[in-house]
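Chains as they are written, first to last, in my numbering: chain R, 1 to 277; chain H, 1 to 277; chain S, 1 to 277; chain U, 1 to 277.
Among these hints, one or two may not hold up.
[What the hints assert, rightly or not] Straight line, CA to CA, 25 Å or less: simulated DSS-like cross-link-like pairs of lysine-lysine:
1. S:K89 to S:K111
2. U:K80 to R:K51
3. S:K51 to H:K13
[To be verified] Just a few of them, taken from the derived set where beta-carbon distance is under 7 Å, the chain H residues facing chain U:
4. T88
5. I99
6. F103
7. K126
8. Q130
[Said to hold, decoys possible] A few chain S positions that, by computed beta-carbon distances, are all more than 12 Å from chain R:
9. G14
10. Y102
11. R180
12. D221
13. P224
Rather than coming from a laboratory, the hints here were simulated on the basis of the structure.
Quick caveat: nothing in here was measured; it's all calculated off a predicted structure.
Ideal Cβ positions, reconstructed from N, Cα and C, are used throughout, including at glycine.
4 protein chains.
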Amino acid sequence: MNHVLLINCGDEKGLIAKISRTLFENNLNVMELKEHVDEASNHFYMRCEFKGQTDLSRMKDQLTSQLPREAKVTINPRKKKDIIVFATKEHHCLSDILIRNYFGELNAEIKCVISNHEDMRGLVEKFDIQYCYIGHENKTKEQFENEILAVAEKHDPDYMVLAKFMRILSPRFVSKFPSRIINIHHSFLPAFIGANPYKQAFERGIKIIGATAHFVTDNLDEGPIITQKTNQVDHSFSADDMKHSGREIERVALAEALQHAFEDRIFVTGNKTVIFG
Amino acid sequence: MNHVLLINCGDEKGLIAKISRTLFENNLNVMELKEHVDEASNHFYMRCEFKGQTDLSRMKDQLTSQLPREAKVTINPRKKKDIIVFATKEHHCLSDILIRNYFGELNAEIKCVISNHEDMRGLVEKFDIQYCYIGHENKTKEQFENEILAVAEKHDPDYMVLAKFMRILSPRFVSKFPSRIINIHHSFLPAFIGANPYKQAFERGIKIIGATAHFVTDNLDEGPIITQKTNQVDHSFSADDMKHSGREIERVALAEALQHAFEDRIFVTGNKTVIFG
Amino acid sequence: MNHVLLINCGDEKGLIAKISRTLFENNLNVMELKEHVDEASNHFYMRCEFKGQTDLSRMKDQLTSQLPREAKVTINPRKKKDIIVFATKEHHCLSDILIRNYFGELNAEIKCVISNHEDMRGLVEKFDIQYCYIGHENKTKEQFENEILAVAEKHDPDYMVLAKFMRILSPRFVSKFPSRIINIHHSFLPAFIGANPYKQAFERGIKIIGATAHFVTDNLDEGPIITQKTNQVDHSFSADDMKHSGREIERVALAEALQHAFEDRIFVTGNKTVIFG
Amino acid sequence: MNHVLLINCGDEKGLIAKISRTLFENNLNVMELKEHVDEASNHFYMRCEFKGQTDLSRMKDQLTSQLPREAKVTINPRKKKDIIVFATKEHHCLSDILIRNYFGELNAEIKCVISNHEDMRGLVEKFDIQYCYIGHENKTKEQFENEILAVAEKHDPDYMVLAKFMRILSPRFVSKFPSRIINIHHSFLPAFIGANPYKQAFERGIKIIGATAHFVTDNLDEGPIITQKTNQVDHSFSADDMKHSGREIERVALAEALQHAFEDRIFVTGNKTVIFG
């Protein structure tokens, strides 16, 4: 089985030499190595996919002992992530994830789909995925989220995917899953934050619409961006036409973001991402 | 010589029938006809390019008499527009315009280039275009703009093109040239309004940069959008790299916008454009 | 119910005047009118979507009597097309069509899926669509196609969609359904005609891959092109990576082509298409 | 001054460790390191940009002694390349190169422009670049090329750039400058090889046009591809409109290719390129 080594630390001379020598001495075969130094912060990021057998925990210690003190080193096996998918009433992102999952192309296993509506049950159950209806009406946000948490804790997912989930999660909820909740926003962030972005876009008379996949943080639509996609539109597009055109790129933006996440290709740094795609 | 007929009015049944019959009865040959009905406002827009000879002012009366009362009808000969180009220190949009002008590809004639710096004089004078330096220092905005107005009034341009002109024009100035000043803004509007959009984009960690050509109105960067272009970027782009990449699309967005404008293809309606490209 | 009026004929002065007057006199409301004159052949194409009630067959006669003698006039109600979908072993285009169909977004009704393999049965039957296995082994092409024809004739489809169907249809078969069979080819035609285009593309070291949806004619991969899409690739893509990336655009190219076809937006003229998108 | 280290050799375990240790021991600072292993051929490619002072020829020996026997190691200073630009009658690629050169953005110094026509003299001489007219009429190809060679040898350029040069160079000529002649072809290669690609594209009814920058080899339009760009077109584009639209992407494709070449970012391997962009 391949493994992925992720390192981030302050930059200094010789880091690649030290890391690659350690991998070599452990008799491992580097399949792919990518690194980036952020010059503004003088910070080093590296992702290395390797093949071969060694004592991983010992190698991790070897690496840590040579790297700057605050270095963060993780080694993950290349295996499927456990995920929970959230949806409301729109199907296009959810459908795409279900189909990719069904044909084994998602690098993930969907533990269940959570929705505050029943609309998607028929589709989800076709694929023998558990559909978990959690209504939001007549509940406080805390009650609503506690019910979600109960399901989430049972499945202990690596990631939660908001595939057009139309409820805003509270900071309390979000803080439990840092850099583990991925949302698709139907605009080219940071333009058109908030509700009804296609209506906003239509009224502004824009000529390109966008979609943005991002990690969810406390600030609505302000989390680290993973992928963005755009489509040309023109005056002949109604707000509804923009919405339809936008769905095509929402699907693609989210699919790419999930692929990056599930292959351990993303570093989150402040409000940004470093992605070794 | 071809002519362009532009009509906009409230929509009602039979408009195209009336207009096309009138053209036919005037023995004109329709080369290209495009129309659009904005359903939200129930408004009709039409651009028709025709060939042939007739009494244009009589035909205009014929059209007006059959159309709804508030109809706006204009007939322009397809000929080069007179323009003034404004620049500051960056050359990429200005160069592009100068080159297209030199090879007769611009559908316009540059009467002069106005700049608040001397940096571009060398380039502009190579092409035998008048370079008009109007410094902004130690002047009120009103004084500065009055000097510009004096030059503008002398040339009476159809359009003024802000090709990376880094001064904000006052509402007083702008109001004299409604829908006749075209600006290139170095972001994907409405994201990153104002100064230093690439720095803003860099700090937000976006994955796509944009450029927007628009008509200038009283509200900074809020005028009707003509064209937008985008480019993919990633974490390896510094704010400066984004700026360089952005220049390529600024040039293209502005060039397309100018082509639309100079061929009478744009209707401005409220804060939007209808473009028959 | 809206209707779509399609006209193509030799160009002459006053065509739009005549047609739009006829619509007006029949008290119909034009929702969308697009026309194109191909200058090389001096041929006129028009698509007009209208609302309102009239005697359609009488109006068709009125139009025909005023148009050049060889004019082709058709009036179709805007309703769902009946289609048969063909697949082999790959799911991505088929999945997309099934999902859009399930949610009523396809403007078509899938009468059945025909495949020369059993691989897609599970997926298709989830959506309660008839799966019709017709193996090609140990049969002549004529026998194989006769079995397909028997199914096709039963359903009498408006269109047949080859959603990664890996068998080449004979001229005899194709000639029965002129401009009614739509194929998705996994390359940027006319580059990489024939088998294994991603392998060809990989070996040529190209930097952009493509996908092409087209009508099927006697000549393999040479029929009129409807839509094309491209994606950037680079040296790090294996032939297999190109194939995976290509699937995303194959899906989009086919989906757009089907939308154009099912909304009666395509004229086929010689080996080209005029599309009023 | 920064330097660029380029290595290509058969792949084996520990290459990055050896190379990065050598750089570290020479007290050099790695600014950017990118590597690629081509799995089909089991070949290793690396580009490393570094800062710092050392005995470069000694370091090259140190590297060579540790690498597989057939390893190719080069170390170039990051400095401007000397180039000769070839043009015929079209200006758009040439203009772009001249402008970038004038503003110091090209990473190259144009030694002269060679053309078989006089059309571009006016433009070129505006920028104080030597214009070298070498007519092709009434000469054998050998005579024509010998005159070009005489000029080329005088300037000894790093690269020759065919910026819409409409003469085909002989294998004899090309073989003198392996991987040093860059051409822009006005189609999406390998589609539409040879003359009049836009006419070919128009007649085929394609929906996307392309442009391809590539190294020139013995086989016309068959050399290693560096960059490709595409633009959407539709039925309303005449062959001439396609040509105009194509010029915009030809310019961009060539500009990017030149940037890659002049920054030593390209490996040519067989008929392909590995580009560390």
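Against the structure, the hints:
1. S:K89 to S:K111: Holds, at roughly 19 Å.
2. U:K80 to R:K51: violated, 41 Å
3. S:K51 to H:K13: The given pair, whose Cα atoms are some 11 Å apart, holds under the 25 Å limit.
4. T88: violated, 14 Å
5. I99: Constraint on H:I99 satisfied, holds at 5 Å.
6. F103: At 6 Å from the nearest chain U Cβ, H:F103 passes the 7 Å test, so the hint holds.
7. K126: holds, 5 Å
8. Q130: Status violated, d = 16 Å.
9. G14: The claim holds: S:G14 sits with its nearest Cβ about 26 Å from chain R, beyond 12 Å.
10. Y102: violated, 7 Å
11. R180: Answer for S:R180: holds, closest chain R Cβ roughly 25 Å.
12. D221: Per Cβ check, S:D221 is outside 12 Å of chain R; nearest 25 Å; holds.
13. P224: The claim holds: S:P224 sits with its nearest Cβ about 23 Å from chain R, beyond 12 Å.
Checked against the numbered hints given earlier, the structure breaks hints 2, 4, 8 and 10 and satisfies all the rest.
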